[in-house]
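Trainee: Could you build all of it, start to finish, from the sequences and the hints given here?
Sequence lines, in order, name chains A and B.
Heads up: the first sequence begins at 483 in the numbering used here, then just goes up one per residue.
Heads up: the second sequence begins at 111 in the numbering used here, then just goes up one per residue.
If you are wondering where the hints come from, they were derived from the structure by calculation, not from laboratory data.
Mixed in with the good hints, there may be bad ones.
Only part of the chain A face toward chain B is listed, based on derived beta-carbon distances under 8 Å [stated by the list, open to error]: (1) Phe628; (2) Ala658; (3) Arg660; (4) Leu776; (5) Lys782; (6) Val794; (7) Arg837; (8) Pro838; (9) Arg840; (10) Arg847; (11) Asp871; (12) Pro878; (13) Arg880; (14) Glu901; (15) Thr904; (16) Gly905.
Taking CB as the label site, the calculated pair distances span [as the list claims (entries may be wrong)]: (17) B:Pro277 <-> A:Asp741: 46 to 56 Å; (18) A:Val736 <-> B:Pro277: 57 to 67 Å; (19) B:Ile128 <-> A:Asp741: 39 to 49 Å; (20) B:Asn364 <-> A:Ile873: 31 to 41 Å.
No residue lacks a Cβ here, since even glycine has one placed at the ideal position from N, Cα and C.
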Amino acid sequence: MFPSIDVFDEDEKADHALLEAVADWCDRYTPLVALDGKDGLFLDITGCAHLFGGEEVMLRNILARLGQMGFDVRGAISSSPGLSWAVGRFGSGGVIAGEEMADVLGVLPVQALRLDEGMIASLNKLGLKRIADLLAMPRAPLARRFGAQLLLRLDQALGMNEEAISPRRPVAALSAERQLAEPIQAEEHILSMAGDIASSLKLSLEARGLGGRVFELVLFRVDGRVFRLAAGTSRPLRDPRRIAGLFAERLNAVHDELDAGFGFELLRLNVLQHDTFDVLQNDFDGQGAKETSLSDFIDKVSARLGSDCLQVYRLRQSHIPERAEMLTPAISAKGEKQQAKGGETEYSFTPRSDRPLRLLRRPERMESFAATIPDGPPQRFRWRHVVHDVIRAEGPERISPEWWLDDDNVEERDYFRLESDTGRLFWIFRLGRHNAGKPTTWRMHGFFA
Amino acid sequence: MAGNATAQDAIFTLREQIAKMEGKALPAAVAAGQADLAARGTQDQRARLPFGIPVFDEALEGGLILDAITEVRSLSMYDAGAATGFALSLASSVEARESGPVLWIADSLLACESGVPYVSGIARFGVDPTAVFHASPRKLDDALWLAEAALTSGAFAATILEIHGNPKAFGLTESRRLNLRAKAAGRPLLLLRHAGEEEASSASFRLLVKPAPALRRRLPDGTMLGGSIGHPVFQLTLEKSRNPAPLSFLLEWNPHDRQFHLAAEPGPSALSWQRPAHPGTQLSASADRQDRPQALGAVVAFERAS
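Mentor: Laid out in C-alpha cells, this is it:
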C-alpha cells in the first residue's frame with residue numbers, strides 16, 4: 483500500500499489536450515509533428531537536425547526541456563518511425579545509426595512491434611519472445627501463420643517499408659522564425675520582431691514570385707504554450723511593414739486572450755496561402771494608390787473584426803428576392819474578381835420592376851383587411867401591432883417559386899407596393915394563390931424610400 | 111476703457127482660435143477686424159455638393175460640405191426606408207463626383223427591425239451595388255473604429271455610418287474626432303441616425319428626413335399616371351445649419367438622372383406644430399434651435415385631464 487498516492491479517474495479529454503499542447507510546443511523543432519496514440523508523438527526531423535546541433539544534441543535538448551517541464555519522457559531517433567517507437571518505449575532510447583538497426587531491434591521483445599494483443603500472446607506461446615527470434619525465421623511460414631500484419635510491422639521497423647506519419651497541421655509553404663535569447667512580452671516588440679521576420683521572408687517570396695494571402699504568426703511562450711494568429715489579405719502581399727500592420731490589428735482584436743506571461747522565446751511567421759504577386763507600376767493619376775489603400779482597409783478590418791464583417795454584394799440569377807443577392811466577404815471577393823477578369827463576365831442583373839431599399843431578413847407575418855377586390859391589395863393592414871392605412875397600391879407582381887430548387891409545397895407570391903397615409907412605402911406579398919382552396923396569408927418583406 | 115479693449119481683443123483671439131479648430135469661416139466680427147487679411151480669403155473654400163435646387167443650396171451656402179459630417183436623422187424606425195433612401199441618394203451624388211466605392215456601416219438593431227440594404231433596390235436607386243461595401247460590426251465601438259479607418263484610408267467616396275437612437279458612446283467627442291478625420295481625408299461621412307433625438311454634434315448640417323407621399327409616375331407625354339407610385343419623395347427639414355430658421359423642403363429623387371427635384375414649394379418649418387399657439391410671434395421660437403434646453407426625460411404618459 484502506498485498511502486501517498488492519489489488516485490484519479492482517467493480524463494481522456496484532458497490527456498489529449500495536454501498531448502496536443504506538447505505537440506504544439508514541439509512545432510519549434512519541425513513542422514511535421516504527428517500524434518501517436520494517447521501518449522506519444524512522432525517528429526519528422528528530416529533536414530532539421532543540423533539546426534539544433536545534430537541528432538544527439540537535438541534529442542537531448544528535447545528530452546531535457548520536456549523533463550524540466552515535469553514530464554517523464556523517453557525518445558529515440560532512427561531512420562524509421564517503427565524503430566524509434568520500439569526503442570523509445572522498450573529500449574534505452576538514443577540515436578540509432580543505420581547499420582545497427584537490426585541488432586538494436588533484435589534484443590527487444592515482440593511487443594515493440596506495435597502488434598495487437600492476440601498476436602503477441604500467440605507468438606509468446608510459440609516461444610517467439612524477442613524480435614531476433616522472428617528475424618531468424620523464414621518469412622513465408624510466418625506470413626502464412628500470422629498474416630501480413632506481422633511482416634509489415636517488421637519491415638516498417640527495419641525501414642524496408644516506408645511508413646508515413648500524418649502531421650497535425652498542413653505544412654506552411656514558407657516560414658521564417660526568430661529564436662530569442664531574451665523573451666519578449668510587449669506588443670510593440672512582438673510587432674517589430676514580426677516585421678523583422680517578414681523582411682527575411684520577403685526575399686524568399688521574391689525569389690519565387692509569390693505574395694502571401696494568409697499569414698500565420700506562431701508565438702511560443704517560455705512555459706510551452708503556443709499562440710497562433712492568422713491574418714488574411716485581400717491581395718498577395720510581401721511588404722514587411724504591411725504584414726506587421728496586419729498583425730497589429732490582429733493583436734488588438736485578441737488583446738485579452740493573448741497572455742504573454744513570462745514572454746515569448748520563439749516567433750515564427752508562416753505563409754499558409756500564397757498567390758502570384760503582380761508587380762504594379764505606380765501611375766500618375768493615383769488610381770493605384772487608391773486600390774492599395776482600399777485593400778489595406780479590407781485587410782485591416784478583416785484582421786481586426788473578422789472576415790465576415792466587411793462584405794460585398796454579389797448578384798445571383800434568381801427571381802426570388804432574398805435569393806437574388808449574396809453577401810461575400812470582401813477579402814475573398816477581390817481575388818475572385820481578378821480571376822473572373824480573364825474568363826466570364828460577372829453576372830449583373832437589374833430587375834425591371836421596383837425593388838425595396840431594405841429587405842427584411844425573413845418575411846414577417848402580417849394581417850390584412852378590407853381589400854376592395856378579392857385578390858387585390860389590402861386597404862389596411864396590421865404589422866407588428868400597428869395598423870397602417872393604405873392610400874395607394876401598385877401590383878401585383880407575381881413571383882413563382884423555383885421548382886427546380888424548392889419542394890412542391892412552396893407557394894407563389896403576389897407582391898404589392900403600398901403607400902400608407904404617412905407616405906411610407908411597404909413591399910408586401912400574399913403567399914398562395916387566391917381562390918385555390920387554401921387560405922392565403924400576407925407577409926411584410928421590405929421598405930422603399 | 112483700456113481694460114475693456116484688451117478683453118475684447120482677447121475674446122477676438124479666442125474666437126479666431128475656436129473657428130480655426132472647428133474649421134469654420136471666421137466670425138464676422140473677427141473677419142471685420144482683419145480687413146487686411148480678408149483679401150486673402152477668409153471665405154471657406156471647401157468642396158461642396160450642390161443639390162441643384164437654388165433655394166436649398168442657398169440655405170446650405172452652396173451645398174453639403176464634402177469633407178465633414180452630415181447628419182441625416184429620422185424620427186422613428188418606421189421611417190428607415192426614407193432615411194436609407196436619402197442617405198443613399200446623397201452617396202450616389204457624391205459617387206458621381208468622386209470615384210470610389212461607398213461603405214455602408216450597418217447597425218445590428220436596424221438589421222433586425224427594418225432589414226438590411228437590398229442589392230436590387232440599391233441598383234434601382236442609382237447606386238452601383240458592386241461598389242457598395244457592407245460592414246456589419248457587432249458593437250458601436252467597432253462601428254466607430256470602422257468609420258475612422260475608412261475615412262483615414264481615403265479609399266471610399268462616401269462612408270455611411272448607421273446608428274440608432276442617441277447612444278452614449280457616440281457623443282460630441284467622438285463626432286468631433288470623426289469630423290477631423292473626414293476633414294483630413296477630404297471625404298464625407300454621412301451619419302444616419304435612426305429614431306434619434308437632436309443632439310449637439312460636429313456635423314456641419316443635420317437634416318431631418320420624413321417620408322412623404324410620392325408623386326405619380328410621369329408618362330412620356332408629360333401627364334401623370336393616375337393612382338401610380340412614382341419616384342421617392344423626402345420631406346427634409348434643415349435642422350442644423352448656419353441658416354437661422356429651420357427650412358422644410360419636399361424633394362423628389364430621380365434615380366435615373368441621379369438628381370433631386372423640388373416636389374413642392376418650400377414652406378415654413380415642418381416643426382411648426384412645436385411653435386407657440388399665439389400667432390403674433392415674429393421671431394422663431396427657441397424650441398427649434400440647437401441650443402434649446404434639454405427636456406428632462408421623455409414623455410411616457412400625459413397627465414390625467416379630469
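Trainee: The structure should be examined with respect to each hint, and the outcome stated for every one.
Mentor: Against the structure, the hints:
Here the hint on Phe628 (chain A) is broken, as its CB sits about 61 Å from the closest CB of chain B, past 8 Å. Taking 8 Å as the C-beta contact cut-off toward chain B, the hint placing Ala658 (chain A) at the interface is violated, the least distance being around 29 Å. Taking 8 Å as the C-beta cut-off, the interface hint given for Arg660 (chain A) is violated, the closest approach to chain B being about 29 Å. With 8 Å as the threshold, the beta carbon of Leu776 (chain A) comes within range of chain B, its nearest partner Cβ sitting at about 4 Å, so the hint holds.
Taking 8 Å as the C-beta contact cut-off toward chain B, the hint placing Lys782 (chain A) at the interface holds, the least distance being around 6 Å. Because the beta carbon of Val794 (chain A) sits about 6 Å from the nearest beta carbon in chain B, less than 8 Å, this interface hint is met. Taking 8 Å as the C-beta contact cut-off toward chain B, the hint placing Arg837 (chain A) at the interface holds, the least distance being around 4 Å. Taken as an interface hint, Pro838 (chain A) checks out: its beta carbon lies about 5 Å from the nearest beta carbon of chain B, inside 8 Å.
Below 8 Å, beta-carbon pairs count as interface contacts, and Arg840 (chain A) has one with chain B at about 4 Å; its hint therefore holds. Nearest Cβ of chain B to the Cβ of Arg847 (chain A): about 15 Å, over the 8 Å cut. The hint is violated. Interface hint status for Asp871 (chain A): violated, as the beta-carbon distance to the closest one in chain B is roughly 12 Å, over 8 Å. The interface hint given for Pro878 (chain A) is violated, since its Cβ lies 14 Å from the closest Cβ of chain B, which is over the 8 Å cut-off.
Hint status for Arg880 (chain A) relative to chain B: violated, with the closest Cβ pair at about 17 Å, above 8 Å. Residue-level restraint check for Glu901 (chain A) holds (minimum Cβ-Cβ distance to chain B is 6 Å; threshold 8 Å). Among the interface hints, the one on Thr904 (chain A) holds; its C-beta lies about 6 Å from the nearest C-beta in chain B, closer than the 8 Å criterion. Because the closest C-beta pair between Gly905 (chain A) and chain B is about 4 Å apart, less than 8 Å, the hint holds.
Taking the beta carbon of each, Pro277 (chain B) and Asp741 (chain A) are about 31 Å apart, not inside 46 to 56 Å as hinted. Hint check: Val736 (chain A) to Pro277 (chain B), Cβ distance near 25 Å, so the stated range 57 to 67 Å is violated. At about 46 Å, the CB distance of Ile128 (chain B) to Asp741 (chain A) agrees with the hint of 39 to 49 Å. Take Asn364 (chain B) and Ile873 (chain A): their Cβ atoms lie about 22 Å apart, and the range 31 to 41 Å is violated.
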